[in-house]
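Engineer: Chains as they are written, first to last, in numbering that gives the first Met the number 0: chain A, 0 to 198; chain B, 0 to 198.
These are computed hints drawn from the structure, not numbers from a lab.
Among the clues, some could well be false.
Same chains, same names: a pair is fine if it fits in one copy or spans any two.
[Said to hold, decoys possible] In silico SDA-like pairs for lysine to any residue, Cα to Cα no more than 25 angstroms straight-line:
#, residue 1, residue 2
1, Lys176, Ile196
2, Lys176, Gln121
3, Lys10, Asn34
4, Lys24, Lys188
5, Lys198, Thr35
6, Lys103, Asp181
7, Lys8, Gln106
8, Lys176, Arg133
9, Lys198, Glu89
10, Lys30, Glu191
Each chain, letter by letter, is given below.
2 protein chains.
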Amino acid sequence: MELLVKEPKTKRGFETLNRICDSAKKLFFEKGYFNTSINDITDGANIAPGTFYIYFNDKLNLYKYLLLQFSYEIRKSISLATRDCKTRYEKEYNGLKTYLDFIKNNQTAYRIIWESQYVDAQSFRDYYENFAVRYSKGIVEAQKNNEVIDIDPMNISYVLMGISNFIGLKYVIFDNKDSYEDVVADVMKILENGLFIHK
Amino acid sequence: MELLVKEPKTKRGFETLNRICDSAKKLFFEKGYFNTSINDITDGANIAPGTFYIYFNDKLNLYKYLLLQFSYEIRKSISLATRDCKTRYEKEYNGLKTYLDFIKNNQTAYRIIWESQYVDAQSFRDYYENFAVRYSKGIVEAQKNNEVIDIDPMNISYVLMGISNFIGLKYVIFDNKDSYEDVVADVMKILENGLFIHK
């Protein structure tokens, strides 16, 4: 894979890189990618314009780097929240709750990920395809354990990703709901009988 | 509601309006809303720049008009394809197939609808919320008929919209698959036992 970021070697360098990323996230969220310039980003980070190029070759590389970070952070949150789950059902339950909490605390992420469709179509596709491939592996395991019905695991992955995404769109982005317990319970009622096998 | 378009009174006027809309759809799809100027649109439609303003006050109004058109066309296609369905299950089956065919034949629509999140957040929200309200009405009817399980119809609507959207993303936008029979069958297997009541 191409090198997106020139990794800093000092603590101070990491702090500056984080300042650049935080400023970019805020601006991409508020004004969108196309309306944000590198100067806007360095102004927001309170650093000299030239400093940007110590870390990134251009705005697109910074953008792709943020996408990778989001992908990693979402997966890490879900993985931590589900590591003690005994069943796939429990994993989906906690995974959906964790995804909604993540989006609530990182509304910039939701917006920036979808904007990638217009910024860099390949990154957008990679984002979802990579997510789906990892998701499918878990589904295949659950199918081997006779926990999940025997249909194409890639179809199941996109069904579950679509549900999470649109439930997040409605109750986090549109309604900014405080808690998602009741919504998650409703979704799981559909999946309980539709996707899972009762032993 | 604000008046988006100044409706033409002659057949020739309608033809010009359609030329403007077709040119805009093509350009918004290829270059995105922000990178497309009114001049690009009139050039693409092969008309004088000033002619644009006979129909629209600005680019945003044209954009909102296209969104409304897409919404109407998708709903009309689904409504035609499902009018003879005897059960809600059949309606969902044919509805999903029709939605995927529509997106396949109108890939511009998928892209333009999602870009509205960045062009005009309120239009984006209205688009999905209006769709969900209509969807919910059908769900409530099906619940009264004891066809669908008794959970919040708005949650069901967003679950179903999420599934359609992401299955469309994967198999139409990413993979450009020729036929969706097997995918639709898999999705309906999940819904058959998860969402529908067996009498």
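Engineer: Taking the hints in turn, state whether each one holds.
Structural biologist: Consistency of the hints with the structure:
1. Lys176 x Ile196: neither (31 angstroms within a copy, 30 angstroms between copies)
2. Lys176 x Gln121: Between. Shortest inter-copy distance 18 angstroms satisfies the 25 angstroms Cα cut-off; intra-copy 32 angstroms does not.
3. Lys10 x Asn34: neither (31 angstroms within a copy, 39 angstroms between copies)
4. Lys24 x Lys188: neither (36 angstroms within a copy, 40 angstroms between copies)
5. Lys198 x Thr35: neither (54 angstroms within a copy, 57 angstroms between copies)
6. Lys103 x Asp181: within (16 angstroms within a copy, 35 angstroms between copies)
7. Lys8 x Gln106: neither (30 angstroms within a copy, 45 angstroms between copies)
8. Lys176 x Arg133: between (29 angstroms within a copy, 22 angstroms between copies)
9. Lys198 x Glu89: within (15 angstroms within a copy, 29 angstroms between copies)
10. Lys30 x Glu191: neither (41 angstroms within a copy, 43 angstroms between copies)
The structure fails hints 1, 3, 4, 5, 7, 10 (numbered hints given earlier, in ascending order).
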